[in-house]
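full-length UniProt numbering applies: residue 1 is where the sequence shown begins, and numbers increase by one.
These are computed hints drawn from the structure, not numbers from a lab. The beta carbon of each residue, even a glycine, is placed where N, CA and C say it ideally should be. There's no promise every hint is true.
Unchecked claim - Derived CB-CB ranges, DEER-like:
id	residue 1	residue 2	range
1	ARG36	ILE13	19 to 25 Å
2	ILE294	PHE152	14 to 20 Å
3	LYS32	THR148	14 to 20 Å
4	ALA222	ARG36	49 to 55 Å
5	GLU55	LEU184	53 to 59 Å
What the hints assert, rightly or not - Derived lysine-lysine pairs resembling BS3-like cross-links, with alpha carbons at most 27 Å apart:
id	residue 1	residue 2
6	LYS66	LYS94
7	LYS77	LYS137
8	LYS14	LYS94
9	LYS203	LYS192
10	LYS8	LYS120
11	LYS58	LYS137
12	LYS242	LYS162
13	LYS192	LYS120
14	LYS197	LYS341
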Amino acid sequence: MPYSALDKRNYLIKLGGTFGDGNHRIVLSHLKDEHRGVRTVREEFTVTGGRLSLERQKPTYRETSKSNTNLEYTGKKLGFIKELTANAYIMQDKRYSADDSGCGYCGNVAGPTTTRITTKGANINFDSDIGDSVLLKYGLNYRHQKITPHTFFRPNLVEPSKEDTGAYVEAITALGDFIFTTGLRYDYFNFKATDNKSVSDGKFNPSFGVIWQATEGLSLSANHNYATRSPRLYDALMTHGKRGIVSIADGTVAERARNTEIGFNYNYAGFTLEGSYFWQRINDALANPQDRHIGGIRESVNAGFIKNRGYELNAGYTTGGFTARVGVAESNPRIYDTHPKNCLAQTLSLL
1 MPYSALDKRN
11 YLIKLGGTFG
21 DGNHRIVLSH
31 LKDEHRGVRT
41 VREEFTVTGG
51 RLSLERQKPT
61 YRETSKSNTN
71 LEYTGKKLGF
81 IKELTANAYI
91 MQDKRYSADD
101 SGCGYCGNVA
111 GPTTTRITTK
121 GANINFDSDI
131 GDSVLLKYGL
141 NYRHQKITPH
151 TFFRPNLVEP
161 SKEDTGAYVE
171 AITALGDFIF
181 TTGLRYDYFN
191 FKATDNKSVS
201 DGKFNPSFGV
211 IWQATEGLSL
221 SANHNYATRS
231 PRLYDALMTH
241 GKRGIVSIAD
251 GTVAERARNT
261 EIGFNYNYAG
271 FTLEGSYFWQ
281 RINDALANPQ
291 DRHIGGIRES
301 VNAGFIKNRG
311 YELNAGYTTG
321 GFTARVGVAE
331 SNPRIYDTHP
341 KNCLAQTLSL
351 L
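Produce the entire structure from the sequences given, and follow the hints as far as they go.
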């Protein structure tokens with residue numbers, strides 16, 4: 001297939017050490033993944049005729065790469081803290097093009113261009129035993145992401161960015177034939193769009209779960225939890241502003257999913273059978289502008305809600321060194337667009 005050949009280069013470097021009677025370990029790693037080659041403007045299509053002509057597809061040399069540097073620490077037997085895991089990382093996605101003069105959504109820039117997405121973050125997680133039957137898990141999460149375009153075509157534009165912060169606590173309690181899980185998480189985001197407009201929001205998300213070991217081979221489970229997802233940064237290749245500006249609407253909040261699931265797991269004489277049924281509702285579903293040819297200022301908005309329900313069933317049999325498995329799953333999502341411009345339906349129709 002013309003213009004589909006790529007030169008792929010990747011490597012992983014990892015250095016680590018264990019000390020303190022094996023209770024402390026530090027690992028530093030660096031990953032680089034790179035693709036190089038002559039690509040068309042619409043990389044998923046080759047050159048044919050009509051709208052996919054050689055002139056419109058404008059093949060040019062391009063490089064895309066991802067690098068990730070991660071420092072990780074694991075510690076055990078730290079007094080009240082049974083185990084601690086922590087990491088800090090910096091990740092960069094980069095696109096280099098030798099000539100974007102034929103790429104409209106890239107800005108029609110003649111000559112070399114480079115676009116970067118830089119992500120920095122850190123996590124720290126703790127495990128502590130409380131008595132003989134309770135395991136307490138708690139921690140903090142932080143993530144910052146920024147897009148750096150090759151250039152801005154309009155004044156007063158800034159690099160779009162997003163900051164996510166989270167804190168959580170979860171208790172896992174064993175009482176006889178039951179295991180209970182209860183948790184609470186707080187998530188906060190601060191979003192800054194290309195036009196320097198900012199929105200922020202925070203929510204508490206509880207979770208509950210129970211597993212009952214009914215017999216030696218049969219367990220039943222149920223859980224109910226909430227989770228949020230903050231707005232995503234818009235297409236990195238369009239942050240230059242030449243085809244308009246994508247901002248964010250006042251009062252935009254994170255999507256919030258409510259999930260309920262019941263299930264079972266059965267094991268007997270090498271035979272396994274497990275299944276689950278779930279219900280899900282996502283409130284304040286987010287929609288991004290989809291028409292990439294309109295100028296002016298457009299906004300990401302909360303545009304409706306989504307409902308979904310479905311099931312999963314898996315069976316397996318093991319004898320000696322032979323294992324056979326079979327499974328089936330089905331879901332039934334429904335979109336409820338409450339925005340007057342049907343923004344949510346337009347967004348999901350392109351996924």
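Now the hints, each set against the structure:
no., hint, result
1, ARG36 to ILE13: 19 to 25 Å, "holds, 20 Å"
2, ILE294 to PHE152: 14 to 20 Å, "holds, 19 Å"
3, LYS32 to THR148: 14 to 20 Å, "holds, 19 Å"
4, ALA222 to ARG36: 49 to 55 Å, "holds, 51 Å"
5, GLU55 to LEU184: 53 to 59 Å, "holds, 58 Å"
6, LYS66 to LYS94, "holds, 6 Å"
7, LYS77 to LYS137, "holds, 15 Å"
8, LYS14 to LYS94, "holds, 22 Å"
9, LYS203 to LYS192, "holds, 19 Å"
10, LYS8 to LYS120, "holds, 25 Å"
11, LYS58 to LYS137, "violated, 53 Å"
12, LYS242 to LYS162, "holds, 22 Å"
13, LYS192 to LYS120, "holds, 16 Å"
14, LYS197 to LYS341, "holds, 22 Å"
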